[in-house]
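Student: Read off the chains here:
2 protein chains.
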Amino acid sequence: MKSDLDILMKSKNLDAILVFGNAEHNPPMTYLTGGGHVSAATLIKKRDKAAVLFCNAMEREEAAKSGLNVRLYDEYPWQDMLEEAGGDTAKMAAMRLNRIFLEMEISGRVGIFGHVELGGMFATLIFFQMLMPSVELVGETRENSLFMVAMETKDETEVARIRRMGKITTEVVRLTADYLTSCEVSSSQVLLDENGADLKLGAVKAKINLWLAERGASPTEGFIFAIGHDAGVPHSQGNPADLMRLGQTIVFDIYPQEQGGGYFYDFTRTWSLGYATPETQKLFDQVYHAYNKIVENIDLNANFKDYQMLTCEIFEKDGHPTPRTQPGSLQGYIHSLGHGVGLNIHERPWSGLTASDDNLLKPGVVMTIEPGLYYPDQGMGVRIEDTYWVRPDGVFEILADYPYDFVLPMKKWNG
Amino acid sequence: MKSDLDILMKSKNLDAILVFGNAEHNPPMTYLTGGGHVSAATLIKKRDKAAVLFCNAMEREEAAKSGLNVRLYDEYPWQDMLEEAGGDTAKMAAMRLNRIFLEMEISGRVGIFGHVELGGMFATLIFFQMLMPSVELVGETRENSLFMVAMETKDETEVARIRRMGKITTEVVRLTADYLTSCEVSSSQVLLDENGADLKLGAVKAKINLWLAERGASPTEGFIFAIGHDAGVPHSQGNPADLMRLGQTIVFDIYPQEQGGGYFYDFTRTWSLGYATPETQKLFDQVYHAYNKIVENIDLNANFKDYQMLTCEIFEKDGHPTPRTQPGSLQGYIHSLGHGVGLNIHERPWSGLTASDDNLLKPGVVMTIEPGLYYPDQGMGVRIEDTYWVRPDGVFEILADYPYDFVLPMKKWNG
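Taken in order, these protein sequences are the chains called G and V. Residue numbering for the first sequence follows this note's numbering, beginning at 1 and increasing consecutively. Residue numbering for the second sequence follows this note's numbering, beginning at 1 and increasing consecutively.
Think of the hints as simulated: they come from the structure by calculation, not from any bench. Ideal Cβ placement from N, Cα and C applies to all residues, glycine included. Every clue listed holds true.
Label-pair restraints from in silico Cβ distances:
id : chain 1 : residue 1 : chain 2 : residue 2 : range
1  : G       : 87        : V       : 86        : 39 to 45 Å
2  : G       : 87        : V       : 403       : 36 to 42 Å
3  : G       : 1         : V       : 285       : 51 to 57 Å
4  : V       : 203       : G       : 1         : 32 to 38 Å
5  : V       : 288       : G       : 7         : 53 to 59 Å
6  : V       : 357       : G       : 1         : 48 to 54 Å
7  : V       : 86        : G       : 317       : 30 to 36 Å
8  : V       : 378       : G       : 167       : 40 to 46 Å
9  : G       : 329       : V       : 67        : 22 to 28 Å
10 : G       : 136       : V       : 3         : 40 to 46 Å
11 : V       : 86        : G       : 48        : 26 to 32 Å
Start from the sequences and build out the full structure, keeping to the hints where you can.
Tutor: Pasting the structure below:
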């Protein structure tokens with residue numbers, strides 16, 4: 001949690017942290033500022049001291065909403081520095097940072113963070129290190145970085161925000177199911193739109209986007225609504241020209257975010273409209289069985305990776321390739337069981353086979369459970385996913401309930 | 001233009017370029033791949049050779065849509081490398097990059113690009129430099145970097161996409177004006193909503209978001225709809241709790257983007273509902289006069305900064321502080337005249353007083369003209385902005401026309 005930052009900085013032997021970039025769509029900066037229209041900011045926090053946020057004058061009022069101590073870049077004579085740097089803004093930024101560090105008396109190990117444009121920032125940091133050899137810039141591997149560890153456990157306010165996105169998500173999923181099942185169906189088993197034309201997947205996606213926007217949620221990273229072959233490739237987002245046909249697997253993986261780059265929710269259902277083929281029904285049953293098995297067996301403070309092992313075991317028994325038996329396979333079970341969800345759609349705890357052993361399902365964790373099986377060459381894929389909160393009392397709670405039905409009966413079609 | 005990349009690489013003495021990150025919301029990667037749901041990819045291009053895109057297996061099909069040569073990270077035994085790296089994924093990534101560079105026979109100066117999480121990438125690059133001292137990683141200052149220069153001129157396809165966003169933008173602006181002017185007005189000159197309650201600015205913003213979504217445009221970086229004091233602070237986005245009152249300046253600066261992180265449009269109008277006070281009318285007239293003066297005088301292949309000088313001159317004559325007379329001022333004319341627009345909302349050419357002299361208004365440039373005057377303490381601000389394309393025939397064309405009216409008469413209010 002955010003309140004752990006100083007303790008975590010100490011355990012990582014960081015004397016200060018530097019966060020660069022915008023306040024929005026930049027998880028570490030959003031985490032510390034609360035977001036808002038503040039661009040190209042620099043946040044500096046010494047261990048056990050309050051953070052200071054440097055920004056451009058035009059954005060001072062947006063920055064002030066963070067409640068942080070706000071200071072302006074204009075306090076420094078950047079035009080003079082730019083001249084001294086021969087017009088090189090990356091060098092100018094390094095010189096300014098040097099002045100700020102001297103004023104704030106920062107030395108030692110300084111962690112660097114932020115979602116930024118790499119080139120200029122790399123140039124600035126390399127030049128800064130030359131100016132200030134007393135500072136050691138520390139780039140942490142994202143997976144286990146300070147912010148990933150701090151963000152891993154959520155407070156009640158964060159959980160409430162994720163739960164709100166879950167409510168919106170499941171509302172939109174329900175609207176989508178209602179819409180699809182209300183469509184007329186052609187003699188070739190293709191859904192028809194309001195005008196009697198073949199319903200295209202792109203039109204369904206457009207409706208989903210609209211339903212999200214109406215509710216104040218952003219599909220920042222898109223969403224997956226894929227049918228048939230594409231459903232068999234976990235991250236294919238779906239081909240807009242595909243027709244909506246009965247009896248094919250539809251993977252609907254939707255992960256909207258609060259507007260402005262806030263908290264995500266993550267959710268997947270797999271549907272087959274009208275009826276299911278024996279092959280897809282079997283695949284669904286296996287995934288649903290695995291999902292239930294995992295949920296039944298999940299334990300407080302267990303290692304998340306243990307359930308990846310359990311999932312592999314279950315699917316291997318069913319005869320599917322898994323990351324244990326066939327790493328790099330393009331069919332079978334080919335991803336990890338889940339991941340933390342917060343200001344990042346993917347964050348700690350991790351469940352992959354190579355995840356470190358400190359990825360525990362401890363109180364405050366919000367994470368997905370999402371087993372899946374994929375056979376693109378057979379035109380099918382199934383995934384089931386819910387987002388869970390590990391409550392302070394140790395109970396694993398789904399943050400938004402929704403039925404698991406695979407076959408969605410068509411209201412105007414009787415086979 | 002994209003077709004200039006090899007020539008630009010040569011002029012910048014770059015033997016290769018490396019682009020990291022997602023294909024979406026990452027302008028250099030979007031530019032070269034066309035976007036799509038490809039995350040944590042690595043694009044490598046040697047000068048005068050075709051680009052190669054490395055990605056995760058799950059995203060191979062999305063990656064293939066780029067038309068580039070796609071290769072999978074899984075071709076490398078990353079589990080072994082990870083073990084060798086002691087579980088440090090940043091080091092593993094450096095080791096893999098080293099293998100790829102050896103295979104592709106890359107050495108010399110390599111430009112690095114991409115919108116990424118800084119910490120882990122910094123660690124990877126520092127480690128990579130140790131592994132491969134024959135490579136010099138070059139972080140270019142963003143303002144004049146390879147991609148900024150290439151993207152500065154647009155081809156017809158890009159212009160068509162920007163124009164389409166302009167059409168959507170002005171449609172939404174018109175809907176907003178129609179909605180506001182149709183509202184009933186209370187005796188205290190506050191607009192009323194459909195239920196007769198005071199209309200809040202947040203409710204207007206929600207409608208604008210919806211109208212954008214209906215048209216397939218994303219307010220990725222938000223938009224500014226600010227009234228009174230907030231209109232006087234250029235980048236304040238507007239306070240949702242503010243009431244919509246007659247006779248106050250409303251700055252509506254809207255810059256939507258194609259969904260998935262594509263091309264932007266940028267547009268501003270300033271309105272006063274029902275009537276204008278003499279002070280705000282005067283301010284508007286001065287900005288409108290400056291806007292017209294600039295547009296009348298703008299010349300093909302001129303230095304963009306010259307028109308910033310002209311704008312300062314005009315506003316100084318009217319008695320306003322400008323960046324020339326009072327740098328760092330919080331009132332008067334306090335920003336630069338415009339900027340390029342493309343996959344970045346702000347890109348080359350630049351018009352600020354410190355911009356380099358090669359920011360020319362040459363054919364293919366798409367840029368904004370946006371003079372403004374701000375007096376937050378007097379509760380007012382005015383900005384007018386259009387996006388122009390410098391056509392191959394040298395004509396400056398507005399990509400979406402919209403009237404400049406300041407006072408919008410209220411249909412159901414007669415003073």
